[in-house]
Each structure stands twice: as C-alpha cells, then as structure tokens.
Amino acid sequence: MKKLAISVSPHIVSPVDTRYMMKGVLIALLPAICAGVWFFRLRAVGVILASLAGCVVTEYLLQRFRGRKIRIDDMSAVVTGILLALVLSPAIPLWMAFLGGVFAIALGKEVFGGLGHNIFNPALLARAFLMAAFPVALTTWSRPITLDAVTTATPLGLAKFDGVMTPYADLFLGNIGGCIGETSSLAILLGLAYLLHKKVIDYRIPASYLLTVFVFAGVLHLVDADKFMPPLFHLLAGGLMIGAVFMATDPVTSPITARGRWIFGIGCGLITMIIRIWGGLPEGVMYSILLMNACTPIINKFTRPRRFGLEKGRKA
Amino acid sequence: MKELTFPGGVHPPYSKDISIREPLREAPLPSVAVVPLSQHIGSPNQAVVSKGDVVEEGQLIGSSPAFISAPVHSPISGTVKEIRKAFHPALGPVMSVVIERDKSKEAKDYTQEDVDAEALSPEQIIEKVKDAGIVGMGGAAFPTHVKLNVPEGKKIDTFIVNGAECEPYLTCDHVLMTRKTQEILKGIELIAKVLKPKDIYIGIENNKKAAFFAFQKAIKKATRKVLSDIHLVPLHTKYPQGGEKQLIQAISGREVPPGKLPLDIGFLVQNVGTINAVYEAVHMRKPLIERVVTISGDCINRPGNYLIRVGATIKDIIEQYGIELYRDPEKVIVGGPMMGFAQPTLEVSVLKSTSGILFLSENLAKTPPEEKCIRCAKCVDVCPVRLLPTELMNNVKNGNWPEVRELNVADCIECGSCAYICPSRIPLIQYIKEGKEVLVRKKMR
Ligand code: SF4
Ligand code: SF4
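Top line first, the protein sequences correspond to chains A and B. So in the working numbering, spot 266 of the first sequence is number 266, and the numbers just go up one at a time. So in the working numbering, spot 152 of the second sequence is number 152, and the numbers just go up one at a time.
Since the hints were derived computationally from the structure, they do not count as laboratory data. Among the clues, some could well be false.
Straight-line distance between alpha carbons at most 20 Å, and here's what the computed DMTMM-like set of lysine to aspartate or glutamate pairs gives [as the list claims (entries may be wrong)]:
| # | chain 1 | residue 1 | chain 2 | residue 2 |
| --- | --- | --- | --- | --- |
| 1 | A | LYS3 | B | ASP298 |
| 2 | A | LYS2 | B | GLU362 |
| 3 | B | LYS105 | B | ASP53 |
When you get a sec, could you build the whole thing from the sequences and use the hints?
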C-alpha cells in the first residue's frame, strides 16, 4: 500500500473551486458577449480582444517580473478583460481598450497585492480611468449593426437630454446604442440565471440593487410621470443590468456578510439613481459601484453577524 | 411534515448508499485487542490489570477515581500481553492494554436478563451507566453518566435523541435505528426516568427514511405514555445537523449561548448509539465493549455496518473480515470525512466513539493545494455559528490576536463546513485551530 495521506479535516471538498467559479462567470457572460458581437459585429470583437490582451499580457508580465507564480490559469485576468470590454463603447479606438486592460490589471489589481486584495473592481476602475483620460472617445456611441462608427446616443442620454424614449422591446433585446455588453438585458438576465443556478454568486446584491432602482424610479414616476422615466425603463436602459449582475457581485470588492450585501446593493441603487436623476451624467452605475466598493471594508466591519447564542440586540 | 433545520451548513455528497442497505454484521472476534485506556474527554484511566493477567470478556481493565471519566473493559477473554503506548486515532500514542484472545473461549452471551428496570432509581441507572463505561458514541466521547447527572439547581426540559447522522458515508446510526428500534426506545425510557423531561424529541434526517418509519411505527404502537408522547421530527438533510447546538436550534429554534452547555438552557442531547448502550448496560448488564462501525469508501469490496469489538485494529479488521483493498486509498479516515481523523497507519484501534472507517481514493480525498482567498464569502454563508472564517484566517496569518479573539474564534465548532465549501481550498480549520491554541497559550480567553 502506498503511503497514507494525512491532513486536517474535512477530507472532502466541494467540487466548486476558483476555476469553476471563473468558468461560471465566463459562461454566464457568453450571452452578453454574443449579443454585443451580434449588434456591433467586428468592432465588438476587436474591442474584446484588445482589452483581453491588455489584461492577460499585463498580468503575465507583472507576475513574471515580480518573481511570482504565473496565475493566468486562474482566469481572473480573462474575466476582467472581458468585463472591461463589455462596458466600453464599440466605437472606442482599440489601443485605448488595450490600455484600459493594462490599467485594470496593473493599477486595479496587482498594486493592491493581486487577486483578492484589490479594493475596487478592476474593470470599472479602468473604465473610470479611460473616462477621465478620453472622455470623448468613451462617450461616442455607434449605432447597432453598422460597421462604421455612425454616432448615436444611448437610450438614457436620449431620454435625459432629448426626452426621446426608446421602445422597451429594443431595450430588452439590445437593438440600441451603448456599451458592448449592456445592449441586451435579456442576455444579461440569462447570465444571471446561470450564475444563481450554479451558485457562483449570491442573489442578495443583484436583487437589492435592481429592487432599489425599481422602487426609487417607481416612486418618482408616480410623483411626476412626465418628468421621470418609468421604473422599467431605468431597469433596462444603460449599464444597470450588467453592473448589478457582473460588476457589483464581484466577490473581491463586495461585502462578505449577508446583511452587508443588502446594504451594498441598496447603496449602489441609490447612488445610481441620484446620479441618473440629478447628476450631470446620463449614467451612474459605474460610479455607484466604485463608491460602494470603497465602503465595503466599513460595511464589513459594521455588519458582523450577531454572535451565536446571544440574543438580538445584545452586544457580544 | 415540515423538515426542521438550522441556518448555514453544507450539502456534501452523502455517499450513504454504499452501506445503508447493508445488514448489521457480527464481526469475528479480534485475535488481539489493543484497548486504549482513555477513550473519553476527561481524566485518563489507570490500568487495573497487569501483564500476564488472565482477563474475562467484560472485565474491568482500566479506571480512574475522577468524576469526569469512564472505565474501560476487556472486549475479549484472554491474556494481557503488554501494557504499552499504542496509536489512538485522534490523540496519537496513548497507554493501552494489549490482550491476546483465548481462542478456546466463545464470545459471552448477553441475553437479556431479568432486570426489573421499573424498580431502578435514577441514581441506580446512572450508576449502571457509569459502570458500563458509556461515553457519547456520536464522536465527542463525553462520559454519559456525567451528562445524566444534572447538577443541583438545573433542570432538563427537553431531551433530544440525535438520530441525525449528518456525516457523509456513515450509516451505523441508521442501521442501529432500524434494527434496534425497541432497544433504543427502552433506553430512552431509562434516560427519561433519570431526567424527567417535559418533552422528548427524536430528530432524524430525511435521507434515513427507514429509520424514521421504524420509530414512527414503534411510537404509534407504544402503550406507555413516555413513549407515545415522543415527538418524532424529520430533519432536512444538511451537515452539521447532528451537532448538538445545531440540533437544538433546528428543533427548538434556540441557540446555546457562547461558553454554555445545552443543559444551561434545559436541553440534553444523546446519540442513538449511546442510548442503545444505556439499554444494554441496564437491561443486559453489558459494558460498552462493542459498537456498530460503518466501513465504507471507494477502495474496498465489502462495505457495510459491522458490530466490532473495541480494541480491534483496522489492520486486523480488514484481514479477518475478508475486506479487500482493490485500490490504494489516499486516506484512511476514522470517523466521517467532515470531522474524522486521517490515519498514518492501519495499526489503530476501534474506540467506543469510532463511528466509521473510510478508505477513500485519491479521487475523493485528495487535498488540493491552497490558493489565494477570493473573498467570495462562501465560508461566511455556511458557518452554522455565524463566524467569519476568512477574517479569522487573515488575522491568524497576520498574528493579530486581539482581533482573532474579537472574531469569537472560540465559538468555532470545527465542523469544517467553511473549509469544505472554500473554492480556494484554504484549510480554514487549520488556521482557526491555530488561532484557538494561541489564544489559550496567551491566556487571552
Ligand atoms: S470561502 Fe475561501 S475564498 Fe471564499 S472568502 Fe472564504 S476563505 Fe476566501
Ligand atoms: S468557522 Fe468553525 S464553525 Fe464555522 S464553518 Fe468553519 S469550522 Fe464550522
């Protein structure tokens, strides 16, 4: 008989490992990727590849340069690369998408100490950086199914600044201008169903985020239906869906406690709506998530669960 | 009926099919029994026999004057060959009595004797439990007579019979519940006589339907009020449902306060195996010298539930019972895969608390390398006592001991749910145990 292995209990582990989780996210992203490629054709493919390349090459070089174990195979850089591409305009110059990828990994992740240590969602941080550096390129939108960058506006922009409503069917299926991945709510919802089914993410953040937006928009719409968009419009338009499903749920940068995740989602919802309604921008998803990312450590601290065996309201 | 449960926990593959329909097999007597003198939490026993002594089956071989202790009896008739250190599955080498069997002697026949259990006083019952050396057979091995001896001023309102058997692979309690339903009920009666609880519950997970129905039938037929009043409750199948605190929470909704015992809030939990041993001790005058052990895993040809003498070694068992290892096990585990102990050798003895011996191949029991925490909080979601395992791990790694205490490391029941679920394969329990030990060493608790 060969030598018996010794280790502390438990002696069996769940089949869900980090690779399974990352793979789960990638599979869940497939519908959104396909929708993006369908509506924006080669432009979308180019942006995705450029951003992916930026992330993966940077991760490889940094790990190599710092004498660390190369961990490309944990797929986290791939996930970041795709997520970044999905929140970029299909009309963005490819080198900018590549640069965004470099930024996402170098300054979004590795400076903090690598996977698990970053405070901000790397893809969103990179997008914020690109937005600050190249505001015009980041907000130049192309119309779906056109190869040349005919500029158009996003449904949120149209609604906010021109008072033009986009039909719900287009919003839901994706026949609208906007970021590559946010175009089709349907595709993102398919991804959500998959993530929940495979237990890759917890329902609390997407549920509380979407519900908060819905209720907030609903109340305003009831108060003044002419001035404020209906709640369903807010749910389907812009980056809300992709943000709530794929960005806010990033495990590394969202709270670890169950109560904390409710607070996080509600906070994201509130900030999104405040920016959308009263801010100078049509969209608020990215900033809401980044701001809540910054709050995560403090949320964790103040939402520690009640000690087992102590009654409610009593201090540990 | 509604299945009760507690918040948190995990659903490992239960793998009970391997042995759940196997009968209760009488295992052959071991040719040599290596009996550790201490098989319980509490003061160790001293040998009361010496090398060369001839001992009878059931004869006392080790005892201690301490209260929190349970005596040890000879599992076979034979000669004391040696008193030496031998391998204990959880504690490593401990003093043990090595007895060589006298092959001319048959196993003793403990047919039910005419014991008038009705006439026994609670004190007499406790005395008999004590003399039989009974300890908790679900794993913790706490001396049962100590538990039954409820301190002055405390009162047990609720007696819970633990038939959850939540560890994967193990089916020894299931088999016992289906084959010894009447015996267990009689044991419950004895304990009820001692404790006089207001309510008695039997909790059984819903993946052990046969055991549930056996009790259902028996309780329906019971004529005595103590038995017909028992609440039989189905439990949702979830690990660690069989943990004392989790079982109490599942059944009553109440949480045992930190640092307190179930009896402090009026509860007492006993495993079905222990209750059967109480029955045997009182009605059959039989000391605790054998128990049902599940032998299972994906490396052996004859999985099953065997009635095995305490002191039989794993090596002896597989040889004598014709068990073949057709594949090299990666790990041999005593107990269940969630809380059991991996053994470096097969020269370990079955104890009073040994519920299973598992031979698991590499496919099942490989220890994957530890990766970085991705802060997915799955460990937080599953912890049945609401700890933050990832924070505990981080603070132990950083040596931030005040924070480790602040995070209530002492509350951890070491169930392993967090480490089971962690996608980064972090051996969280290892860090948590280290945290506990350092705090004890630094007297910070
Ligand atoms: S389950 Fe593992 S990876 Fe996830 S937070 Fe806990 S320790 Fe980290
Ligand atoms: S921290 Fe302790 S009690 Fe909580 S899941 Fe992990 S081992 Fe179980």
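### Task
May I ask which of the numbered hints given earlier this structure violates, with the numbers listed in increasing order?
none
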